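All chains should be built: construct the whole structure from the sequences, respecting the hints.
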Amino acid sequence: MWLNPEEVLLKNALKLWVTEKSNNFFLLQRRRGHGDSAGKITGLLVGALDTVLDSNARVTPFRILLQVPGSQVSWVIASGAALEEVNRHWDWLVYNLLRSLSVFENKEDLTNFVKGKVKGLIAEEVRGKQAAQEDDPEKFREALQKFKLHFGLPSSEKLVIHYSCCCWKGHVPRQGWLYLSINHMAFYSFLLGKEVKFVIPWAEVTKLERVSTGLMTDVLRVSTRQRQRDFSMFLSLDEAFHIITQLADIALRRLLDSGGLELDRVLLQPARITKRVLEEQALRQYVLALFRLPRGEHLQEVASCSVWTPHARCHTAGTLYCTDSYLAFASREEGLCSLLIPLSEVISIEKAESTALLPDPVIVSVRSKKAFQLIDLQRRAVLVDSLTARHRALQWKHAMFRSKGNSKRALSSPAPYYTFYYDTMYSDGEEIEDKALRHSLNQEALIAFHNAQPDSESSNNKATVEQMKERLWEDHFSEYGRGVHMFRTEKIQKLVAMGIPESIRGELWMTFSDASSELASHPDYYSRLVQESTGRSSLATEEIERDLHRSLPDHPAFQKDTGISALRRVLTAYAHRNPKIGYCQSMNILASVLLLYTKEEEAFWLLVAVCERMLPDYFTRRVIGAQIDQSVFEELIRARLSELAEHIPDLSPLSSVSLSWFLTLFLSVLPFRSAVCVVDCFFFHGIKAIFQLGLAVLDANATALCASLDDGQALMILTGFLEQVRHDEERSPPPPPSQSGEEGSAPPAVHPQITDLITDSYEKFGDLTVRQIERLRCRHRIQVLQAHEDTTKENALRLVVPEVSLSPVDLSDVYDLFKTEHFISLYWGDGSTEVALQHHDPARPYLDQYRLDRAQFKSLYGLLVPWLCGVHTDTVANRTFTLLDQDRDALLTFREFSGWLNILYCEELSEKMRLLYRLHIPPALTENEDEPSLMKSPILSTTRPLYVDLPEEEMKGYQEQLKQMLRDLAKEKEKTLEKPLPLMNQREFIQFCKTVSSMFHGHPDENELFQGIATVTSLVLQIGEAGHRGRCSGSDRSNEGGTRESGGGAREGLEDSGDCSEDTPVFGSRGEEEEGSLTEPGSEWTVSFAQILASMLTEQMLVNFFEAPVDLPAKVAAAKVKQYHQRAGLLMLEHRLS
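Note that our numbering has the sequence shown beginning at 30, numbered continuously upward.
No wet-lab data here; the hints were simulated from the structure. Be aware that a few hints might be false.
[To be verified] Pairs of lysine-lysine, PhoX-like flavour, derived with a Cα cap of 20 angstroms:
#	residue 1	residue 2
1	304	175
2	175	223
3	822	1149
4	148	168
5	1149	887
6	520	793
7	304	177
8	1151	226
9	1144	941
10	236	198
All values reported here derive from a predicted model rather than from experimental measurement.
See below:
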């Protein structure tokens, strides 16, 4: 390949190169040791030196130098892995440049001319290719060539980045290169003549961690189900670790649950993934989590700037993040100061005059008659133009949405980020009904109607505390602003920890979550959802009805129909909006609390914010999001509460307790008023508040938990502690009267206060950042998804093991091969894969989650079948697939595949011959072997009757179809019975002999086996001919007597054989086709399975061949090695031919 010209000071330094060709201007050199006999010390040393130094010729042992006469400096302009490749470049230089160079008098002009030509060739080569997308196309192109040369993967396996690193084997390091692609990580090393290379699919990675060892500071440990590998590098360890984590996470989500987990559309297209895209996606995920923005928001611009903060009377430095619908500012120190401005609230974005004190200022004006000043904006003009364009587009969308209220709803809601789309067209009459429905919705929070009336002293204390909190918040609003675009600082964190006053709690929940912007942008959306979902019945509505009266049953608001009806409407409307989530347990508890403090429509939008933005992937069938956070919580316990982790090595019991903390935001375990304070913190800080509070609870009980004897006692300790947590305004219950008159009785227990617990969580664990949580989530998602895969595999094997004789270990290895074949098609598929195979659906039964189509089965067939049939193998594989595909969906499940392998490796000779016999009769044997299709099978007309709308005079044909359907139903009932096989005609028997004969090629006893099958063939032909003559003579006698029954001779032959009857085989029927055929059945040459089997048993060589034990583990081990290379080789060949 052509190289960006690189200066070489000593053209033959240390005698590392040998010149093969030369002229006045160019040298073609070979790396010393390459091509020499193995074992020469020079070759070994040079190879080791190349690996350590990473010279361009380490894997391309030929190079071309530009040498200028009279100069000591040369330039490397091309290299190649093979002599043929570099010779093509040499010839091009000789025929296109050599003559032109002789006219140059100036050495510098000559050098620049050649360098310019080479750079032009490189630019032409990389134009439109993958390397052109990278920051350094030339360097990446060289790495890509090495990656393809070393590992032989198809061109569609896109390389993302590579690093120089050491792979450790025990205490021995091997210097080499780590290549990270979209589906694999690969390592290559060559030291002292020993080559080491391996490929690890991301789908096999179960755990990623960064650990410290005694020999070095940190290593990157990659664990699979088979082994773990450690990598170390001097530079870029953090970057490499994050990119590896991202690639593994993206691959697993795409391969294992692309429909159930949130994944950006860019990441669903592997060909578009680059290092830059990964960095942008990591930043986008961080911004969405930090500001709890809708998951559909895309990051458009990022710029460093400073914002004028009136409360501090100075400019605060930080970063401005611009998304589709928001301006978000975060200070350099996370949590110190942040600002969120929805574009829907913006009136104008203007550039102001730049001065020395205010460089590059921008003024953002909002509807609340406030303005925000930003300075030091990089690329201010471009940024303002982009923001202005998006602002105008958003205003137009909202104007169109609002205009529907004054006209017929002729257009549908433009809901910008909704996953699901609903038609909102309705007539004037429906509009009147909609207005009536809006009046029937609760316009006030339920707590306004159902406030409990405690005793006067408690009421006065509560009123006093509430008034004090309200004054504090009013003072805060006057200084920091009110609404979604208020400044959020550490001061507001302290106010939230004290508890939000009930009078403004709903307002602040809407503000912190930005549900208020969604409500303002989509008026009447909720009322229309209620109207559409009312009266509809589904699994979600049934579950909702079951849980309605379990939602805060002790609260008076939900002891009457008003609260229950409002809760029903909110949950049903959300299930209608988002069928992917529908309804999940714990949503009812959360919605009940939201209804207590907000209006019904506001509660709906808060529920949307929680389910779709603040707790992503929580409310799904498998609650993946909650399980990921539990895994993260365990790691935080080990890192932050190390003493507790040492006493309780297995933290899974604690995770089972804390799961409800995360799913219900502590609402199910804390007293109600205390739990509502936790919800306050959750809406302000997001999931970070739940992590912090969970750590604080464990820290407060660490001593008792360390002293606990078992899991049950630990559970009781935590449950008892949480039940005693009181709100500041609540009085502790009086202690029980003392049983004795002793003065030294124990003092009453002191109940923990929720505000103290929250404050403690901020003080001890407040340094936990959103960025840390997001990175931990990315890493632990890998472990959770792989744990689900292990569960799927265990259950699939549990169902199949009783049905086969294969050992569980062998069956497990076969399952891995089966699953890998499915993944390979997703890695390098050409788009022709069956739709059912393009995504893994974990909602399907365990045995149906991975299925293979015909091409995938044929690939595994060639790897696992004990007897290949030479050129006939593809035909036999096609017949086998047709035979195994019992439900005729063109897909095979693992149960069907393992049953086939069980016959080949574990069953007796008779079962193996039975399988071979069935491969040569319909439905496996079709009329056209080149294009296997069910339509070619004569069995289709009997097992799949077609209905044709016939005229009345042809109704007889329809009646025949009905009779056939009745016969098919009767056959379905007999499936459990042992079915005799139908007879085999002469054409089918010839195919049978051809298949058996082709199995013997290359066998040590090939001649004896051919002689044996010839003997069997001759014997069976004689048996068939004798039976054929007997049936013909019987048919003639029947004709002379004036009676002739269609198929009688065949039935007599079946009875004589003692093996077959007119009953259908397991996979189909052919008796009816024979009755309606043009050829007389009595005159057809046929043999039975019993006759063929008996003939085979007469030849001991054939018996020994089919009964010889085959080592399945060895076959599977070899298949694992060949599986990748076989598919990769085919794809590369197809690419070259195309």
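Hint check:
1. The hinted pair formed by residue 304 and residue 175 meets the criterion: a straight-line CA distance of about 18 angstroms does not exceed 20 angstroms.
2. For the suggested pair residue 175 and residue 223, the alpha carbons sit about 17 angstroms apart, so the restraint of at most 20 angstroms is met.
3. Annotation: proposed proximity of residue 822 to residue 1149 holds, straight-line Cα distance about 18 angstroms (limit 20 angstroms).
4. For a cut-off of 20 angstroms, the pair hint linking residue 148 to residue 168 stands: about 13 angstroms separates their Cα positions.
5. The straight-line distance between the Cα atoms of residue 1149 and residue 887 is roughly 15 angstroms, inside the 20 angstroms bound, and the hint therefore holds.
6. Taking the CA atoms of residue 520 and residue 793, the gap is near 17 angstroms; set against the 20 angstroms cutoff, the hint holds.
7. Distance hint between residue 304 and residue 177 is fulfilled; the C-alpha atoms sit about 19 angstroms from each other, no more than 20 angstroms.
8. Of the supplied pair hints, the one linking residue 1151 and residue 226 holds, its CA atoms being roughly 15 angstroms apart against a limit of 20 angstroms.
9. A hinted pair counts as satisfied when its Cα atoms are at most 20 angstroms apart, and residue 1144 with residue 941 qualifies at roughly 18 angstroms.
10. For the suggested pair residue 236 and residue 198, the alpha carbons sit about 18 angstroms apart, so the restraint of at most 20 angstroms is met.
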